[in-house]
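Work out the full structure: start from the sequences and follow the hints.
Just add 3 to the spot in the sequence shown (first one is 1) and you have our numbering.
Only true hints are included.
Cut-off 25 Å, straight-line C-alpha distance, at most; resulting in silico cross-link-like pairs (DMTMM-like, lysine to aspartate or glutamate):
1. Lys53 with Asp35
2. Lys53 with Asp72
3. Lys53 with Glu97
4. Lys53 with Asp33
5. Lys61 with Asp33
6. Lys53 with Glu77
7. Lys61 with Glu15
8. Lys61 with Asp35
What follows is a list of derived Cβ distance ranges for each label pair:
9. Pro74 with Ala54: 13 to 21 Å
10. Ser68 with Pro120: 22 to 30 Å
11. Arg101 with Thr169: 27 to 35 Å
12. Glu103 with Tyr134: 14 to 22 Å
13. Arg138 with Thr25: 26 to 34 Å
14. Ile167 with Thr25: 31 to 39 Å
These aren't lab readings, by the way, just hints derived from the structure by calculation.
Ideal Cβ placement from N, Cα and C applies to all residues, glycine included.
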Amino acid sequence: MPYGNLNLAMREAVRPFVLGQTVYDLGAGDCDHARTLVGLGAGSVVAIDKAEAPRLAKGVTYIRSLIADVPLPETVPVVFLGWPQNYVIPGLLEWLHRAETVIYLGSNLNGMACAFPAVFRHFLTRELVVYIEDRQNNLLVLRGTLATPRSPVLEERGCFSDEILTL
Numbered sequence: 004m005p006y007g008n009l010n011l012a013m014r015e016a017v018r019p020f021v022l023g024q025t026v027y028d029l030g031a032g033d034c035d036h037a038r039t040l041v042g043l044g045a046g047s048v049v050a051i052d053k054a055e056a057p058r059l060a061k062g063v064t065y066i067r068s069l070i071a072d073v074p075l076p077e078t079v080p081v082v083f084l085g086w087p088q089n090y091v092i093p094g095l096l097e098w099l100h101r102a103e104t105v106i107y108l109g110s111n112l113n114g115m116a117c118a119f120p121a122v123f124r125h126f127l128t129r130e131l132v133v134y135i136e137d138r139q140n141n142l143l144v145l146r147g148t149l150a151t152p153r154s155p156v157l158e159e160r161g162c163f164s165d166e167i168l169t170l
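Okay, structure coming up:
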């Protein structure tokens, strides 16, 4: 399984959260994840990226833009964040705060770095409903808001640590 892909267990774990939902794929890149999400039953996927539009699939709408420049919808059922950059991405936190469900795929282990610390501080304020560790990718599905921050799992700890953490 190449880096960045959802393995079979991850696909099955994600399916109930995207089934029939509008999913916003932030930093969609080549739209591979957007196509996968449609295949898992997403009602539609809005893929947002600053790059040229790639090959799209039925059910995927592509917006070529910076995340901060896309008007934030009133409701954001699901945000998918696949291998985000490890520097501050303007507008990203606003989308995460608005999302009912956040699906994160990436790795802060084995010397890799995904997303910036404020993203993971936000994650700690949400209920972690799915966590799947893998040598190449880690999946987190987060929902709701907690009264007090929870303890971080290994993937989240990796973002805050200077040491290289491994499985």
